[in-house]
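**Student:** The lines below spell out each chain.
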Amino acid sequence: MQDKVTNVLIVGVGGQGTLLTSRIIAQVAVQMGYDVKVSEIHGMAQRGGSVVSQVRYGKRVYSPIISKGEADIILAFEKIEAARWLDYLKPDGMVIINNERVNPLPVMSGKVKYPDEIHEKIASLLPRTVIVDATDIAVRCGNVRAANVVLVGMLSEAIGIPAEEMEKAITEIVPAKALEVNLQAFKEGCKLLN
Amino acid sequence: MKKLLIGNDAIARGAYEAGVTVATAYPGTPSTEIVSSIAQFPGVYAEWAPNEKVAMEVGVGASIAGARTLVAMKHVGVNVAADPLYTFSYTGVNGGLVIISADDPGMHSSQNEQDNRGYGRFAKLPVIEPSDSQEALDYTKLAFDISEQFDTPVMLRLTMRLCHSQTMVETGDKQEVELKPYKKDAAKYVMLPGFARGRHVEVEKRMLKLQEYAETTPLNRMEINDTKLGIITSGVPYQYVKEAFPEASVLKLGLVNPLPKELIKSFAARVEKLVVVEELEPVIEEQVKAMGIDVIGKEQFTLLGEYSAEYLKQKLNGENGAEGFGLEKEVPARPPLLCAGCPHRGVFHVLRKMHLIVAGDIGCYTLGAISPLEGMDTCVCMGASIGTAMGIEKARGAEYAAKTVAVIGDSTFVHSGITGLVDVVYNGGTSTVMILDNDTTAMTGHQDHPATGFTITKQPTKKLDLEKLVRAIGVEHIRVVDPLRIDELEAVLKEELARREPSVIICKRPCVLLDTTPKPTREIYVDTEKCTGCKLCIRVGCTGVSFIDDEKKAQINPGCIACGLCEQVCKFNAIKEVGVQEDAGQSN
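Protein sequences appear in the order of chains A and B.
Residue numbers 1 to 194, in the working numbering, belong to the letters of the first sequence in order.
Residue numbers 1001 to 1588, in the working numbering, belong to the letters of the second sequence in order.
So that you can see chain A by itself, here it is in the shape it has in the complex (with noise of 0.2 Å):
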């Protein structure tokens, strides 16, 4: 077991699923034996705001939140709250961008521009920068709110979780109806890295 802490911080619109995201690779980190400890948002901000999940394990975790520059990797399932939480990332970590915009108010009021442009502005300024349709490859698994089991299977790769681990957290925490799609959905992301 390590002793250095692995932080992951899951970032989204509220609705997206990183409440689930985070359960699933907690419910890994607590299979392999970690300390772990998981930070929610609940509540008003869940309403279509900008949500973090945040999930830390090692061998001993004090701290709930993660500080800025100390995450080991960021999933994004939108590409504007990637660029929002960037500076959590540490400078040699890794961010699993899915391509997908879902316009804020100010955009879809037309006050403000979406830059559609910023995940590349993001691959710029960060060599392990990923970008994947995520959306696309959960419709063709079934269900588009698999999306981010999609980025689950891809930081299962990246940071080098056993993919049975994985599944059995899915198995655990996904609920039965859903579950077949969703393994189906873990399977494409762990291929993506590969």
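Keep in mind that the hints were calculated from the coordinates and are not lab data.
Heads up, some of the hints might be wrong.
Claimed, not checked - Here are the simulated BS3-like pairs of lysine-lysine, each with C-alpha atoms no more than 27 Å apart in a straight line:
| hint | chain 1 | residue 1 | chain 2 | residue 2 |
| --- | --- | --- | --- | --- |
| 1 | B | LYS1315 | A | LYS90 |
| 2 | B | LYS1315 | A | LYS4 |
| 3 | B | LYS1535 | A | LYS111 |
| 4 | A | LYS59 | B | LYS1003 |
| 5 | B | LYS1313 | A | LYS90 |
| 6 | B | LYS1329 | B | LYS1313 |
| 7 | B | LYS1530 | B | LYS1571 |
| 8 | B | LYS1298 | B | LYS1265 |
| 9 | B | LYS1298 | A | LYS68 |
| 10 | A | LYS4 | A | LYS168 |
| 11 | A | LYS113 | B | LYS1530 |
| 12 | A | LYS111 | B | LYS1571 |
| 13 | A | LYS177 | B | LYS1458 |
| 14 | B | LYS1002 | A | LYS168 |
| 15 | B | LYS1261 | B | LYS1289 |
| 16 | B | LYS1494 | B | LYS1571 |
| 17 | B | LYS1530 | A | LYS111 |
| 18 | B | LYS1003 | A | LYS168 |
| 19 | B | LYS1124 | B | LYS1289 |
| 20 | B | LYS1002 | A | LYS59 |
| 21 | B | LYS1494 | B | LYS1468 |
| 22 | B | LYS1315 | A | LYS68 |
| 23 | A | LYS177 | B | LYS1519 |
| 24 | A | LYS4 | B | LYS1003 |
| 25 | A | LYS68 | B | LYS1313 |
| 26 | B | LYS1228 | B | LYS1298 |
| 27 | A | LYS4 | B | LYS1002 |
Unchecked claim - Derived CB-CB ranges, DEER-like:
| hint | chain 1 | residue 1 | chain 2 | residue 2 | range |
| --- | --- | --- | --- | --- | --- |
| 28 | A | LYS90 | B | GLY1579 | 45 to 55 Å |
| 29 | B | ASP1294 | A | ALA123 | 45 to 55 Å |
| 30 | B | GLY1453 | A | VAL144 | 31 to 41 Å |
Yeah, the Cβ is synthetic: ideal placement off N, Cα and C, and Gly gets one too.
Following the hints, complete the assembly by docking chain B onto the known chain A.
**Tutor:** For chain B alone, coordinates are given in the frame of chain A:
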């Protein structure tokens, strides 16, 4: 085996293990999951009370009757429950009673960030603060013992970060706790002045005993490491301290009222530099300073919001955090917003259009205050809208009342809006009150309430009839409208505002997120031939419709549930139902 639990679930588990048989609460982030979670355990009666005062009073009765009792609420809920709480501190308990105060430093989901440790000193209660889920479970159990041992309600003070963080928990077995025998004891439980004077003596004796207990309780502990730096802390900030300064010596306080003075003195004597790390108010710091001990506190740390390990390192070591990329400044803000198809949107669209003064209230609909709806003038606390509208009328006259409305949700109206309406009727107000009845307590995650007709465990129950209730209060003009039929809503509002008598408009349509709300049976689209790019539909602020800059046209987005609001707003008949002939006209 250990498992991950959020703090709130750990507290529910702890209360169950401690033999709690009565649990009551009004939902409020970040406390809500505690009682919805304990409702799942066998042998526990759990309820949603109409408000925190009632929850506290049910708790008082259950405790006097001999049951171990849990009462839970968010920090501002304690203000509502404060009246019974202060005097229950005098009577003391029979069965142990623990009141949860879930504070919200940083105001993630609240209107203020008051520090309820203050209640401990003011109401003379022991206050216990856990720092992770395991402690949440363990301290909850211990809190019931303390309650019975010292004959006092005990406050368990949490913060949002504890409530909603999952950490590892080892659960235990359920204790079998007998109901304590009930004995009539008027001198203890009837707080007539003559009896209350006697009880106040007991309260002061109790505080002295608790003071002694504080010195030896396992809730407080010294962790002596390097003695160059000594930190007194409690709650989640303890975790930040351990993360930021693993070498430092720490005095970790689990019992934060009353403070262990001797323990603090001996800790202070062992370290070179003494610091208090506590979020929000200098509750510990001021008491340590009053003891004549030199300590660094709020001159170094902010009174605002949440702390973090990063923040502590910055403040104590002068370490600058990671430099970062600064991209967050380049991206648009993403505030929370009403869901696509939310019935509240119709209300705020009409209110803005009519340029009314809107006394608002607490719920999802408070989001109607932000751009582009901007349909709210005030929002202070649960139930405040109606009294506020009455005050506006009494300050500026009936002319003003004709352009002022109070807007309040169904759950919030039952919580504490009813008495405001009684005041309007009794004192000759002419307010127009809109009850936004979406058949749930939406913001906190869809809890039932007396007017939904279901209990916390989804058992059918007598449904509070809002119309009849309002009529019984003496309101003679009651209108029930669909808030998404905006022409009708506007017409009704005009009529009722013009009336020099109180009226209530019940805007009735269920929350779109409820499982029982019918799914949409139609789809809509933008006819780009007819769309002029006027953006009227955009101004309703819905995620279901957006503007394509390049084409200067509106478009319907995935997630639209065809509620019809933008269709009604469009002046060019450009938003249409899929599969309906042109000449069939608008269905609304």
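**Student:** Hint by hint, note whether the structure agrees.
**Tutor:** So, going through the hints one by one against the coordinates:
1. LYS1315/B x LYS90/A: 21 Å, holds
2. LYS1315/B x LYS4/A: Given pair LYS1315/B, LYS4/A holds - Cα atoms ~24 Å apart, limit 27 Å.
3. LYS1535/B x LYS111/A: The given pair, whose Cα atoms are some 11 Å apart, holds under the 27 Å limit.
4. LYS59/A x LYS1003/B: With a Cα-Cα distance of about 15 Å, the restraint between LYS59/A and LYS1003/B holds, given a limit of 27 Å.
5. LYS1313/B x LYS90/A: 17 Å, holds
6. LYS1329/B x LYS1313/B: 24 Å, holds
7. LYS1530/B x LYS1571/B: 10 Å, holds
8. LYS1298/B x LYS1265/B: 20 Å, holds
9. LYS1298/B x LYS68/A: 23 Å, holds
10. LYS4/A x LYS168/A: 24 Å, holds
11. LYS113/A x LYS1530/B: 24 Å, holds
12. LYS111/A x LYS1571/B: Within the cut-off at roughly 22 Å; holds.
13. LYS177/A x LYS1458/B: Holds, because 23 Å separates the two Cα atoms, which is no more than 27 Å.
14. LYS1002/B x LYS168/A: Holds, at roughly 17 Å.
15. LYS1261/B x LYS1289/B: 11 Å, holds
16. LYS1494/B x LYS1571/B: 21 Å, holds
17. LYS1530/B x LYS111/A: Status holds; Cα separation ~23 Å.
18. LYS1003/B x LYS168/A: With a Cα-Cα distance of about 15 Å, the restraint between LYS1003/B and LYS168/A holds, given a limit of 27 Å.
19. LYS1124/B x LYS1289/B: Answer holds: LYS1124/B to LYS1289/B is near 20 Å, not above 27 Å.
20. LYS1002/B x LYS59/A: 14 Å, holds
21. LYS1494/B x LYS1468/B: The given pair, whose Cα atoms are some 23 Å apart, holds under the 27 Å limit.
22. LYS1315/B x LYS68/A: 15 Å, holds
23. LYS177/A x LYS1519/B: 20 Å, holds
24. LYS4/A x LYS1003/B: 21 Å, holds
25. LYS68/A x LYS1313/B: With a Cα-Cα distance of about 12 Å, the restraint between LYS68/A and LYS1313/B holds, given a limit of 27 Å.
26. LYS1228/B x LYS1298/B: 20 Å, holds
27. LYS4/A x LYS1002/B: Answer holds: LYS4/A to LYS1002/B is near 21 Å, not above 27 Å.
28. LYS90/A x GLY1579/B: 45 to 55 Å: 53 Å, holds
29. ASP1294/B x ALA123/A: 45 to 55 Å: 52 Å, holds
30. GLY1453/B x VAL144/A: 31 to 41 Å: 34 Å Cβ-Cβ, so the 31 to 41 Å window holds.
Going through the hint list in order, the structure satisfies each hint without exception.
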